[in-house]
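Be aware that the sequence shown starts at 214, since it is given in this note's numbering, and climbs by one per residue.
Read the hints as simulated data drawn from the structure, not as lab findings.
It is possible that part of the hints are untrue.
Said to hold, decoys possible - With a cut-off of at most 27 Å between alpha-carbon atoms, the simulated BS3-like pairs for lysine-lysine come out as follows:
id : residue 1 : residue 2
1  : Lys912    : Lys976
2  : Lys232    : Lys249
3  : Lys397    : Lys315
4  : Lys795    : Lys724
5  : Lys338    : Lys406
6  : Lys324    : Lys397
7  : Lys833    : Lys795
8  : Lys324    : Lys274
9  : Lys953    : Lys799
10 : Lys754    : Lys960
11 : Lys302    : Lys249
12 : Lys249    : Lys324
13 : Lys244    : Lys224
14 : Lys754    : Lys853
15 : Lys771    : Lys799
16 : Lys799    : Lys754
17 : Lys246    : Lys257
18 : Lys394    : Lys365
19 : Lys274    : Lys249
20 : Lys397    : Lys365
21 : Lys224    : Lys257
22 : Lys428    : Lys673
23 : Lys302    : Lys257
24 : Lys799    : Lys763
25 : Lys249    : Lys222
26 : Lys833    : Lys754
27 : Lys232    : Lys274
28 : Lys224    : Lys315
29 : Lys331    : Lys315
30 : Lys274    : Lys224
31 : Lys953    : Lys754
Fair warning: this is a prediction, and the values are worked out from it, not measured in the lab.
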Amino acid sequence: REIERNTCKIKLFCLHPVKQVMMENKLEVHKDKTLKEAVEMAYKMMDLEEVIPMDCCRLVKYDEFHDYLERSYEGEEDTPMGLLLGGVKSTYMFDLLLETRKPDQVFQSYKPGEVMVKVHVVDLKAESVAAPITVRAYLNQTVTEFKQLISKTVVHLPAETMRIVLERCYNDLRLLTAPSKTLKAEGFFRSNKVFVESSETLDYQMAFTDSHLWKLLDRHANTIRLFVLLPEQSPGSYSKRTAYQKAGGDSGNVDDDCERVKGPVGSLKSVEAILEESTEKLKSLSLQQQQDGENGDSSKSTETSDFENIESPLNERDSSASVENRDLEQHIQTSDPENFQSEERSDSDVNNDRSTSSVDSDILSSSHSSDTLCNADNAQIPLANGLDSHSITSSRRTKANEGKKETWDTAEEDSGTDSEYDESGKSRGETQYMYFKAEPYAADAGSGEGHKWLMVHVDKRITLAAFKQHLEPFVGVLSSHFKVFRVYASNQEFESVRLNETLSSFSDDNKITIRLGRALKKGEYRVKVYQLLVNEQEPCKFLLDAVFAKGMTVRQSKEELIPQLREQCGLELSIDRFRLRKKTWKNPGTVFLDYHIYEEDINISSNWEVFLEVLDGVEKMKSMSQLAVLSRRWRPSEMKLDPFQEVVLESSSVDELREKLSEISGIPLEDIEFVKGRGTFPCDISVLDIHQDLDWNPKVSTLNVWPLYICDDGAVIFYRDKTEELMELTDEQRNELMKKESSRLQKTGHRVTYSPRKEKALKIYLDGAPNKDLAQD
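Starting from the given sequences, assemble the full structure and let the hints guide the process.
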C-alpha cells in the first residue's frame with residue numbers, strides 16, 4: 214500500500230521510429246525516481262532496445278487529444294518524477310510522450326506557451342503535398358512573422374510569395390490574407406495544421422476557391438488509401454494468355470511492370486506502349502458498346518468514352534500485337550460470364566462456418582498492368598499523402614453523377630442493385646472526382662502465396678462504377694466481369710453492388726477483395742445456393758453462387774442452374790427432379806413452385822440464400838395449400854431414430870398427418886404418437902432424452918395452433934408406436950450410449966442435456982386465494 218500511494222500512473226505514448234505506429238502504455242513510476250530513470254523504464258516498456266540507442270530518447274509533456282507537445286524537460290534529468298508531474302496521482306490531465314530522434318539529429322526545445330504547427334509544403338507543379346514539418350510558434354505572432362519563421366525552417370520557400378492555408382477542421386480551409394493579424398486572431402490553437410505554397414505562378418491572383426491550390430488541397434483532404442487484393446488467375450485460357458504475353462512482353466507481374474515505368478522511354482517494349490495497347494482495346498470496346506446501344510449516335514458515344522484523354526509517345530508500337538490483343542479481348546467478352554462467378558463466394562459464410570473461397574488467378578498480364586499512362590517524361594509522381602513514388606496514375610474526364618449517396622454496401626441496404634450500364638449500354642460510372650493512383654504493395658506473408666495486392670490512393674467521392682473502371686487494367690477484364698467485396702474487421706466480406714454510390718463510408722487502410730464474375734445489373738440478385746441433405750451429418754452444403762432476376766420464374770432459374778450444377782458441382786439433374794426452397798439460417802422453409810415469380814410471389818434480398826433439394830421421385834408439391842413436413846420415426850426398443858421421410862399434407866389436419874404417418878410406417882392409426890422437433894434443423898436430440906423430454910401427442914386438431922405452430926414447410930416431426938416398450942439399459946450401457954451421443958451432438962453443434970427424469974413445472978400459489986387456485990388446479 215505504501216508503494217501504491219507513492220506511485221505516479223500516467224499514460225505513455227511513443228511513435229515507433231521504424232513502424233511509424235503510435236504505441237500506448239501506462240507508465241507506473243515511483244515519485245522518487247528521476248526523469249533519467251523514468252526514460253529508461255519507458256524505453257524498455259516500448260521494446261526499443263534493438264531499434265535505437267537509449268540516448269536518442271527523451272520524455273516530453275504531451276496532450277494526446279490535441280496531438281500537442283506542451284514542453285520538454287531540458288536540464289531536469291535528475292528531477293524526481295513526483296515533482297516533475299505535480300504530485301502523485303492515478304490520472305493526470307496530460308500525458309507523456311517518449312520522443313525519439315536519429316543519431317545525427319538534435320532534440321528541439323519545447324517551451325510552455327508555444328503552439329505546435331504542422332506545416333505541409335505544397336508543390337503545385339508536381340501536384341504533391343509533402344509530409345508535415347513541425348514548427349513551434351506563439352499565438353501573439355503576426356501572419357508576416359509566422360511566414361518568416363516558416364521560411365527559415367523550410368529554406369526554399371520565400372516569405373514574399375508565400376500563401377498559408379489553415380485547416381481548422383476537416384475540409385475547412387482558410388487562406389490567411391491579413392499580414393498584420395495575430396495567429397490567435399486567425400483561430401490558431403494548441404495544435405494546428407497549415408499548408409504553405411510559394412510558387413511564382415499566377416494562381417495566387419485567382420479567387421481561392423477557384424485556384425489550383427484549393428483544388429489540390431480539396432483532393433488531398435478527400436483522398437484515402439485502400440489495399441486491393443486482386444484475383445489469382447486469369448479467366449482466359451492458358452493459350453490465349455500465352456499468346457497475349459508474347460505480344461505484350463514479359464509475364465504478367467505488377468512489380469515488373471512498375472519497374473518498367475522507371476526505365477528509359479526508348480526501351481524495347483516500354484510501359485507506355487503496353488498501356489496504350491490496353492487502353493485502346495478497352496476504349497474500342499466501350500465505343501462499340503455505346504454505338505450499338507445508341508444506334509450510331511457518335512456525339513453521345515464520344516461524350517461517354519472512358520479513355521478519351523489517353524495519349525502515348527509510342528503509338529507506332531501499338532499495332533505489333535493487335536491481332537492477339539483483339540483475340541483475347543473477344544475471348545473475354547464472349548466467354549460465359551457465369552463461369553467467372555462460379556467458383557467463389559460473395560461473402561464469408563459465418564452461418565455455416567465456411568471460409569470465403571475465390572477464383573485462383575494470375576490475371577495481371579503486362580498489357581493490363583496499370584490504369585492509364587505514366588508521365589511521358591518519366592517524372593516522379595507524388596502520392597496523395599505526400600510520399601513520392603514512381604507509381605501509376607489515372608485521371609479521366611467524366612461527367613458528374615447525380616444522386617450520389619454516402620454508402621454502398623449491401624450489408625446496409627437490401628433493395629437490389631443499380632446497373633452499371635443503362636438500357637442503351639451507356640456507362641453510368643461517370644464522376645467528376647477522378648483522382649486515382651495505384652502501385653503494387655507487398656502484403657504480409659499470411660496473405661497467401663500468389664496473391665497480388667495494390668495500394669490505391671483514390672478520392673473517396675468517386676462512385677463505385679468509376680472505381681471499377683479504374684481497376685479494369687489491373688484485373689484484366691471489363692468492370693462488368695468482376696465484383697468488389699468490402700472486407701470488414703472480422704474478415705467478413707460483403708459484395709458492393711450500388712454502382713452510383715460513393716466510397717465515402719471508407720477510411721484509410723480499408724481492404725477490398727476483387728473476384729471474377731459477372732457484375733449484377735438492375736433487378737438482379739446474387740443468390741447463394743446450398744444443397745439440403747436431410748439425412749447427412751452436415752445437412753447444409755454450399756454449391757454455388759447464382760444470379761436470379763426480378764420477374765424470373767422459379768422454373769427459369771432452375772433451367773439456368775442445371776448447366777452450372779453439372780459443370781461446377783458434378784450434379785446431373787433434370788428439371789423435375791429437384792426443387793428450390795426457402796433457407797432461414799439452417800432451416801428449410803417454403804417450397805418454391807415452378808410457376809412462382811421472383812419479386813411477385815417470392816421476395817428476394819441482397820445476399821439471399823436458397824436450398825436446392827434433390828428429389829427421389831416426381832415433385833408432390835403442386836399447390837401452396839399443401840404442407841410438406843419432415844418426419845422421423847423413433848424406435849424406443851432399439852434406441853435409435855430412422856432417416857427422415859417427407860410427408861406432404863393437403864391440409865393442416867392432425868388426423869391427416871396421423872394417417873400419412875401410419876401409411877409410411879405400418880403403425881396402426883390409433884397407436885401413432887407424434888411431437889414437433891425443437892431447435893434448428895435437423896432438431897437433433899439425444900436418444901436418451903427423446904422418449905421422456907418431449908411433449909408427445911399434443912391435444913390439438915390442427916397443426917397451426919399452439920403448441921405446434923406448424924404453418925410452413927420444413928417442420929420436423931418425430932413419431933413413435935405407443936405400444937413399443939423402451940429398451941432397458943444397464944448403467945454401463947447407459948454411460949457408453951451417453952458418450953456416443955455426446956460426441957455425435959457436439960459434432961453437429963447441439964448441446965447434450967441428458968436428465969434421468971422429466972422436469973416438472975413449478976406451481977406458485979398466491980396468499981390471497983389459495984382455495985381458488987387449488988380448485989382451478
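Status of each hint after checking the structure:
1. Lys912 - Lys976: This hinted pair holds, its Cα atoms lying about 22 Å apart.
2. Lys232 - Lys249: 25 Å, holds
3. Lys397 - Lys315: The given pair, whose Cα atoms are some 33 Å apart, is violated under the 27 Å limit.
4. Lys795 - Lys724: Since the Cα atoms of Lys795 and Lys724 sit roughly 32 Å apart, the hinted pair is violated (cutoff 27 Å).
5. Lys338 - Lys406: Status holds; Cα separation ~22 Å.
6. Lys324 - Lys397: 17 Å, holds
7. Lys833 - Lys795: 17 Å, holds
8. Lys324 - Lys274: 10 Å, holds
9. Lys953 - Lys799: 24 Å, holds
10. Lys754 - Lys960: Given that 27 Å is the threshold and the Cα spacing comes to 16 Å, the pair holds.
11. Lys302 - Lys249: 20 Å, holds
12. Lys249 - Lys324: Holds, at roughly 20 Å.
13. Lys244 - Lys224: 15 Å, holds
14. Lys754 - Lys853: Between Lys754 and Lys853 the Cα gap is close to 25 Å, so the pair holds against 27 Å.
15. Lys771 - Lys799: Satisfied, since the Cα-Cα distance of roughly 21 Å is no more than 27 Å.
16. Lys799 - Lys754: This hinted pair holds, its Cα atoms lying about 10 Å apart.
17. Lys246 - Lys257: 15 Å, holds
18. Lys394 - Lys365: Given pair Lys394, Lys365 holds - Cα atoms ~20 Å apart, limit 27 Å.
19. Lys274 - Lys249: 15 Å, holds
20. Lys397 - Lys365: 21 Å, holds
21. Lys224 - Lys257: 15 Å, holds
22. Lys428 - Lys673: 15 Å, holds
23. Lys302 - Lys257: 23 Å, holds
24. Lys799 - Lys763: 25 Å, holds
25. Lys249 - Lys222: OK: Lys249 and Lys222 at ~17 Å, within 27 Å.
26. Lys833 - Lys754: 24 Å, holds
27. Lys232 - Lys274: 23 Å, holds
28. Lys224 - Lys315: Roughly 24 Å separates the two Cα atoms, so the pair holds.
29. Lys331 - Lys315: With Cα atoms ~20 Å apart, Lys331 and Lys315 stay inside 27 Å; holds.
30. Lys274 - Lys224: Status holds; Cα separation ~11 Å.
31. Lys953 - Lys754: With Cα atoms ~24 Å apart, Lys953 and Lys754 stay inside 27 Å; holds.
Against the hints set out earlier in the document, violations occur for numbers 3, 4.
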